[in-house]
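Novice: Whenever a hint applies, use it, and build me the whole structure from the sequences.
Quick note, the sequence shown lines up with residues 1 to 304 if you use the working numbering.
Hints may contain errors.
[Stated by the list, open to error] Heads up, simulated SDA-like pairs for lysine to any residue below, C-alpha to C-alpha not over 20 Å straight-line:
id: 1; residue 1: K168; residue 2: T155
id: 2; residue 1: K293; residue 2: R264
id: 3; residue 1: K293; residue 2: W23
id: 4; residue 1: K236; residue 2: E263
id: 5; residue 1: K168; residue 2: E263
id: 6; residue 1: K236; residue 2: G279
id: 7; residue 1: K293; residue 2: K236
id: 8; residue 1: K168; residue 2: C20
id: 9; residue 1: K236; residue 2: P247
id: 10; residue 1: K168; residue 2: R196
id: 11; residue 1: K236; residue 2: A259
id: 12; residue 1: K292; residue 2: Q265
[What the hints assert, rightly or not] Just the calculated beta-carbon pair ranges, DEER-fashion:
id: 13; residue 1: T227; residue 2: R274; range: 21 to 27 Å
id: 14; residue 1: T155; residue 2: V269; range: 36 to 42 Å
id: 15; residue 1: R228; residue 2: N145; range: 23 to 29 Å
id: 16; residue 1: G253; residue 2: Q171; range: 21 to 27 Å
id: 17; residue 1: D36; residue 2: R91; range: 40 to 46 Å
id: 18; residue 1: D99; residue 2: R199; range: 21 to 27 Å
These are calculated hints, taken from the structure and not from any lab test. Being a predicted model, the structure only gives us computed values, none of them experimental. Every residue gets a Cβ at the ideal spot worked out from N, C-alpha and C, and that includes glycine.
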Amino acid sequence: MAYVVFSHGLDNKPEQEYLCQLWKRKLAHDDGLDIDGCGVASTLNYWADVLYPSPDTNLAAYENVGGDIEALNDATDLRTMPHKDDERLRRLARTLDVDPDTVEENQPTPAELAAVRAERVPVPAWLRKRIMARFVRDAHHYFFNVEFSPRPGATFRVRDELRRRFMKCLQDGSGSRPLVVVSHSMGTIIAYDCLRNERECPVVDGLMTIGSPLGLDEVQDFFPDWTRADGFPSVKLNGPWVNMFDPLDVVCGADPGLANDYERQGKPVVEDIREDNWGTWRHSISKYLQGKKLRRRLAEMLGV
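Specialist: In structure tokens:
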């Protein structure tokens, strides 16, 4: 039996089971890919609770195909970035057109997020900068393994915990073949980090990255053993790496292709596929999962 591990992206999310079912419903929508009906087992690598005190309860926003920036309230502690002066992080901020000196305070407001989520307004340059500041913040907490307490009685080292959860999901599915990872946004960084750098990570048969920031040089700088000529995670990935992108996706659009950055022994092997979404917010996982090219390629990877 095939097994798929989903890995979500930025910001707060609803509870795990709802989010997993949402991903599957969007895949199956309008005569799409019904993985349950095809006998494919699945789970969702859920990590929003490492950074947020409780699940997002605004479920209506997730049924809207524009709903993919879901966190409406940031704790003050979550904004604090003790390593914001690290030159790698500053380069990442500048590449995303974000002022590295104002990342902590230059976060989008609830009203701004709601407007983008509902696609009531285009995404102007100033708001795009605020959204990108959120990605810089999350990358900071992950790559610097920040210790964070989202609620009383719970304290995590962010990178350690996110890696542990991802690998636990893979271990749970390791008795099934093919074992395929489908990751989005920040989730693609977690997936690649584990497959490339964790000795205990189980082997997988396929990796799909969606709207991934892994093409940015400034993200690659955080992987000390990465090289362009041999960045493919060959030891743990025994199959294809398919990278889905929309060139107007603000998270990956600066460098959406990965084939030239993650070669295997000097040869490009990552399959970059352009999947054009619609509307003003192109980073939405709900839109990507309805793409015909994504569905067709995922079905092939799962053998269904």
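Novice: K236 and A259: Cα distance at most 20 Å?
Specialist: Holds. K236 to A259 sits at ~18 Å (cutoff 20 Å).
Novice: Falls inside 40 to 46 Å, the C-beta gap from D36 to R91?
Specialist: holds (43 Å)
Novice: Between K293 and W23, is the straight-line Cα distance small enough, at 20 Å or below?
Specialist: Satisfied, since the Cα-Cα distance of roughly 16 Å is no more than 20 Å.
Novice: Tell me if the straight-line CA distance from K168 to C20 falls inside 20 Å.
Specialist: holds (16 Å)
Novice: Using the Cβ atoms, figure out if T227 sits within 21 to 27 Å of R274.
Specialist: holds (26 Å)
Novice: Does K236 sit within 20 Å of K293, going by the straight-line distance between their CA atoms?
Specialist: violated (25 Å)
Novice: For the pair we were handed, K236 and E263, check the Cα-Cα distance against 20 Å.
Specialist: holds (15 Å)
Novice: Mind checking the alpha carbons of K236 and P247 for me, to see if they're no more than 20 Å apart?
Specialist: It is violated: about 29 Å lies between the C-alpha atoms, which goes past 20 Å.
Novice: Holds or violated: K168 with R196, Cα cutoff 20 Å?
Specialist: holds (16 Å)
Novice: Verify the proposed pairing of K293 with R264, using a straight-line Cα cut of 20 Å.
Specialist: Judged against 20 Å, a Cα distance of about 24 Å means the pair is violated.
Novice: Check the following: the C-beta atoms of G253 and Q171 are separated by a distance inside 21 to 27 Å.
Specialist: The hint (21 to 27 Å, Cβ to Cβ) is violated, given that G253 and Q171 are roughly 34 Å apart.
Novice: For the range 36 to 42 Å, tell me whether the beta carbons of T155 and V269 fit it or not.
Specialist: holds (40 Å)
When held up to the earlier numbered hints, the structure conflicts with 2, 5, 6, 7, 9, 12, 16, 18 and fits the remainder.
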